[in-house]
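2 protein chains.
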Amino acid sequence: MVPPATADAVFHALSNPTRRKVLEQLSVGPATVSELAAPFDMQLPSFVQHLSVLEDSRLVKSKKRGRVRTYEISPERFKVAEDWLSARRELWEARLDQFDQYVKHLKEKESES
Amino acid sequence: MVPPATADAVFHALSNPTRRKVLEQLSVGPATVSELAAPFDMQLPSFVQHLSVLEDSRLVKSKKRGRVRTYEISPERFKVAEDWLSARRELWEARLDQFDQYVKHLKEKESES
DNA sequence: ATAATACTTAGGTCTTGACCTAAGTATCAC
DNA sequence: GTGATACTTAGGTCAAGACCTAAGTATTAT
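Line by line, the protein sequences are chains A and B. Residue numbering for the first sequence follows the numbering used here, starting at 1238 and increasing by one per position. Residue numbering for the second sequence follows the numbering used here, starting at 1238 and increasing by one per position.
Since the hints were made in silico from the structure, they are not lab data. Be a bit skeptical, because a hint or two may be false.
Copies of the same chain look alike in the list, so a pair counts if it fits in one copy or across any two.
Unchecked claim - Here are the simulated DSS-like pairs of lysine-lysine, each with C-alpha atoms no more than 30 Å apart in a straight line:
no., residue 1, residue 2
1, K1301, K1258
2, K1300, K1316
3, K1298, K1258
Based on the sequences and whatever the hints tell you, model everything.
Put into structure tokens, the structure is as follows:
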């Protein structure tokens, strides 16, 4: 069981377009703060806050070497979101299948008469 | 391409534990406002706001018959989240596979010497 | 017709989120 | 060791989010 606070942080991190674009960039490969910030029309301190949100959610991790901080994707964390979504899907698909079966059953009965 | 605003709304809707619990409940089957609200220690108007957020994101839909409003899951919308996540995963997995290949390649070279 | 039920509307508070500017620190390049 | 670079810290604003209470409307039950 994933603590709910974890899912909160992960989905919240994903809810902002700037942060999603950062994740899209990092999916391609690691990058530094300035590289990540370059495409955005935003002051650096504001942008860095987004990186903090991402890091707090653990969707990414970073390391500083000298004065340069490099970020990379932390793939394990995405499972929190993926697993929650697929658990929902399994539940309702099972239910809808059951409903389909029921409809099919009704139709068979109908054609008997 | 899904407009980013859509992903914003979907992930934002998913970021709150009350709303996720509602979605868990609705995955099991449709339910009315009062049925959904019952487990939560929250005033009804506050709770109904959560339902509005979910409906705005189109993760759920509702219909009113008489004085009772019934909610149900709207499965298509979940694909927005699922697709975004799986697109990221594909990218970084391709990259990490490539890296694995590279390491393997290095090891082969090493054993030649 | 009256009362109870099932929401809805209309506010108000308090916290969090998303930005900003200005100034600071730690490295690196010369 | 001086200046440029790459962030960091420390504030401050303004909008959005998550709750609340009080009162309203539309249905249904008696």
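> Taking each numbered hint in turn, which are not upheld by the structure, reported in ascending numerical order?
Replying inline: Structure breaks no hint.
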